[in-house]
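**Q** Chain by chain, the residues run as shown.
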Amino acid sequence: AQSVAQPEDQVNVAEGNPLTVKCTYSVSGNPYLFWYVQYPNRGLQFLLKYITGDNLVKGSYGFEAEFNKSQTSFHLKKPSALVSDSALYFCAVRGYNNDMRFGAGTRLTVKP
Amino acid sequence: EAGVTQFPSHSVIEKGQTVTLRCDPISGHDNLYWYRRVMGKEIKFLLHFVKESKQDESGMPNNRFLAERTGGTYSTLKVQPAELEDSGVYFCASSTGFPDTQYFGPGTRLTVL
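These protein sequences, in sequence, are chains C and G. Letter by letter, the first sequence follows residues 37 to 148 of the numbering used here. Letter by letter, the second sequence follows residues 505 to 617 of the numbering used here.
So that you can see chain C by itself, here it is in the shape it has in the complex (with noise of 0.2 Å):
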């Protein structure tokens, strides 16, 4: 079955450091991933997907991710983080049936 695994609850940073959430994923065939954030009393944001192509995945708000095919990995990145990245991410793959299938959430803190 298609899913995602997001092994940390919560990931604290410094503002102007390096981000990495991570992600796992198992599927059967080609991995449709995604990630979305949540902002407090906002609804699910969009920030990027791999669907083929090159591995490295640039999305909105200057966020990227890699996927890594031998590691079963998409981890999300940023090269300095900001006190306004702190929210939600969740890490998604698209199911057989076109559903989406969440991870559990990994809160991201960005103290200043």
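Take the hints with a grain of salt, since some may be wrong.
Unchecked claim - Derived DSS-like pairs (lysine-lysine); straight-line CA-CA distance at most 30 Å:
1) G/Lys-519 <-> G/Lys-548
2) C/Lys-94 <-> C/Lys-147
3) C/Lys-85 <-> G/Lys-558
4) C/Lys-113 <-> G/Lys-558
5) C/Lys-58 <-> C/Lys-105
6) C/Lys-85 <-> G/Lys-548
To be verified - Looking from chain C toward chain G, a few residues come up when the C-beta cut is under 8 Å (computed):
7) Phe-82
8) Asn-133
9) Met-136
10) Phe-138
11) Gly-139
I should point out that these hints are in silico values taken from the structure, not numbers from a laboratory. We put the CB at the ideal spot given by N, CA and C, even for glycine.
Keeping the supplied structure of chain C fixed, place chain G upon it in accordance with the hints.
**A** Just chain G now, kept in the frame of chain C:
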């Protein structure tokens, strides 16, 4: 372009009552999805419409939940009668098709007392 909208943003009802949630997808998106996130847990798929037809409703928890999408535009999700375990945030999403991005609405927070 307007995004996915959901109404109401919050709903507080008592056990046994009925609640209807509404979702307006992005104009032109034939695919509409409902998801639910129960407190602190994963976001779970409920069902998928293609236009007015239910493509997949395997995630619907039980027959107290009824979703409709008359005319292939907006969709409603009715919970009748509501139970305590139905509390959570209900998200709606829409897309043009597979494997296109699903765009999510702000969600409806349902609290059943």
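**Q** Would you mind marking each hint as holding or not holding in the structure?
**A** Going through the hints against the structure:
Distance check on the hinted pair: G/Lys-519 and G/Lys-548 sit about 22 Å apart at the alpha-carbon level, within 30 Å; holds. A distance of roughly 24 Å separates the Cα atoms of C/Lys-94 and C/Lys-147; the hinted pair therefore holds under the 30 Å criterion. Taking the CA atoms of C/Lys-85 and G/Lys-558, the gap is near 26 Å; set against the 30 Å cutoff, the hint holds. Of the pairs offered as hints, the one joining C/Lys-113 and G/Lys-558 is violated, with about 37 Å between alpha carbons and a cut-off of 30 Å exceeded.
Between C/Lys-58 and C/Lys-105 the alpha-carbon distance is near 14 Å, which keeps this suggested pair within the 30 Å criterion. Under the criterion of a C-alpha separation no larger than 30 Å, the hint pairing C/Lys-85 with G/Lys-548 is consistent with the structure, at around 19 Å. Interface hint at C/Phe-82: satisfied, since its Cβ lies 5 Å from the closest Cβ of chain G, which is below the 8 Å cut-off. Hint status for C/Asn-133: holds, given a least beta-carbon distance of 4 Å to chain G, under 8 Å.
Because the beta carbon of C/Met-136 sits about 6 Å from the nearest beta carbon in chain G, less than 8 Å, this interface hint is met. At its closest, the beta carbon of C/Phe-138 sits 4 Å from a beta carbon of chain G; the interface hint therefore holds under the 8 Å criterion. The criterion of a C-beta within 8 Å of any C-beta in chain G is met by C/Gly-139, whose closest approach is roughly 7 Å, and the hint holds.
Violation of the numbered hints given earlier is confined to hint 4; every other hint is satisfied by the structure.
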